[in-house]
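Trainee: Sequence:
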Amino acid sequence: MASATDPTATDRVRQAVAGIRSETRRLSELVSRIDELRDLELSEFSCDLRPVRAVGLLQEATGFAKGLPGSHPTTLRCADVLVAADPVRLGQAIRNVLANAAGYAPPNTPIHIEGQVADGGRFRIAVTDEGPGVPAEQREAVLRRYARGNSARGRSGAGLGLYVASRIVAAHDGHIRLEDAVKAGGGGTRVVIEVPLA
501 MASATDPTAT DRVRQAVAGI RSETRRLSEL VSRIDELRDL ELSEFSCDLR PVRAVGLLQE
561 ATGFAKGLPG SHPTTLRCAD VLVAADPVRL GQAIRNVLAN AAGYAPPNTP IHIEGQVADG
621 GRFRIAVTDE GPGVPAEQRE AVLRRYARGN SARGRSGAGL GLYVASRIVA AHDGHIRLED
681 AVKAGGGGTR VVIEVPLA
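For reference, each letter of the sequence shown is one residue, going 501 to 698 in this note's numbering.
Errors might be hidden in some of the hints.
To be verified - Each pair of labels, with its calculated beta carbon distance range: (1) 621 <-> 515: 39 to 47 Å; (2) 580 <-> 644: 18 to 26 Å; (3) 511 <-> 550: 50 to 58 Å; (4) 621 <-> 512: 54 to 62 Å; (5) 677 <-> 516: 36 to 44 Å; (6) 635 <-> 513: 37 to 45 Å; (7) 559 <-> 606: 47 to 55 Å; (8) 571 <-> 546: 17 to 25 Å; (9) 555 <-> 677: 43 to 51 Å.
What the hints assert, rightly or not - The list that follows gives simulated cross-link-like pairs (lysine to any residue, SDA-like), each with its CA atoms no further than 20 Å apart: (10) 566 <-> 584; (11) 566 <-> 599; (12) 566 <-> 620; (13) 566 <-> 621; (14) 566 <-> 667; (15) 566 <-> 582.
Quick caveat, the hints were computed from the structure, so don't treat them as lab data.
C-beta atoms are modelled at their ideal positions from N, C-alpha and C, and glycine is treated no differently.
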């Protein structure tokens, strides 16, 4: 047994504390996702749609992304327009997408957030990462409850983040889809959310 003055004992204690903190964050996130799911399933879920500045919504999301594990540099380009949104709920959907991107992209790789006007009176939000990507045949499935793609093996998560995001986006009369990210060397995912302009 190591003594209290043994430096390796101190290192082991630090590692144990770091592990406990990490597991506590993971469990807290899981409880939050389960609460979100409960609200969605019990029809307690509602959206208070109103005109919201897209740039403000995405600036807040960018701030959130910068605090995610993995030290991902985050870029934002956004048109300054109004969208018809519940800022709390749509912000939650965007944060879920960003947390998913940070969870699959290698540390220190960028996450790009872009907001632009799309056809048909819509606003398109795109979150692009440099993770392993999602095969075309799995893209619809990962938007379902408890679903996880092949690249999720060995990673924590309950398969609820993108499902919750898809339900929130649907409540905004919007759409969500996954695409290949266009980057040299392949890989990467772009999650695209489209909601109506105000």
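Trainee: Indicate, hint by hint, whether the structure satisfies it.
Mentor: Against the structure, the hints:
no.: 1; hint: 621 <-> 515: 39 to 47 Å; verdict: 53 Å, violated
no.: 2; hint: 580 <-> 644: 18 to 26 Å; verdict: 34 Å, violated
no.: 3; hint: 511 <-> 550: 50 to 58 Å; verdict: 53 Å, holds
no.: 4; hint: 621 <-> 512: 54 to 62 Å; verdict: 59 Å, holds
no.: 5; hint: 677 <-> 516: 36 to 44 Å; verdict: 42 Å, holds
no.: 6; hint: 635 <-> 513: 37 to 45 Å; verdict: 42 Å, holds
no.: 7; hint: 559 <-> 606: 47 to 55 Å; verdict: 25 Å, violated
no.: 8; hint: 571 <-> 546: 17 to 25 Å; verdict: 36 Å, violated
no.: 9; hint: 555 <-> 677: 43 to 51 Å; verdict: 23 Å, violated
no.: 10; hint: 566 <-> 584; verdict: 26 Å, violated
no.: 11; hint: 566 <-> 599; verdict: 10 Å, holds
no.: 12; hint: 566 <-> 620; verdict: 32 Å, violated
no.: 13; hint: 566 <-> 621; verdict: 30 Å, violated
no.: 14; hint: 566 <-> 667; verdict: 25 Å, violated
no.: 15; hint: 566 <-> 582; verdict: 24 Å, violated
The structure fails to meet hints 1, 2, 7, 8, 9, 10, 12, 13, 14, 15 from the earlier list, while all remaining hints are met.
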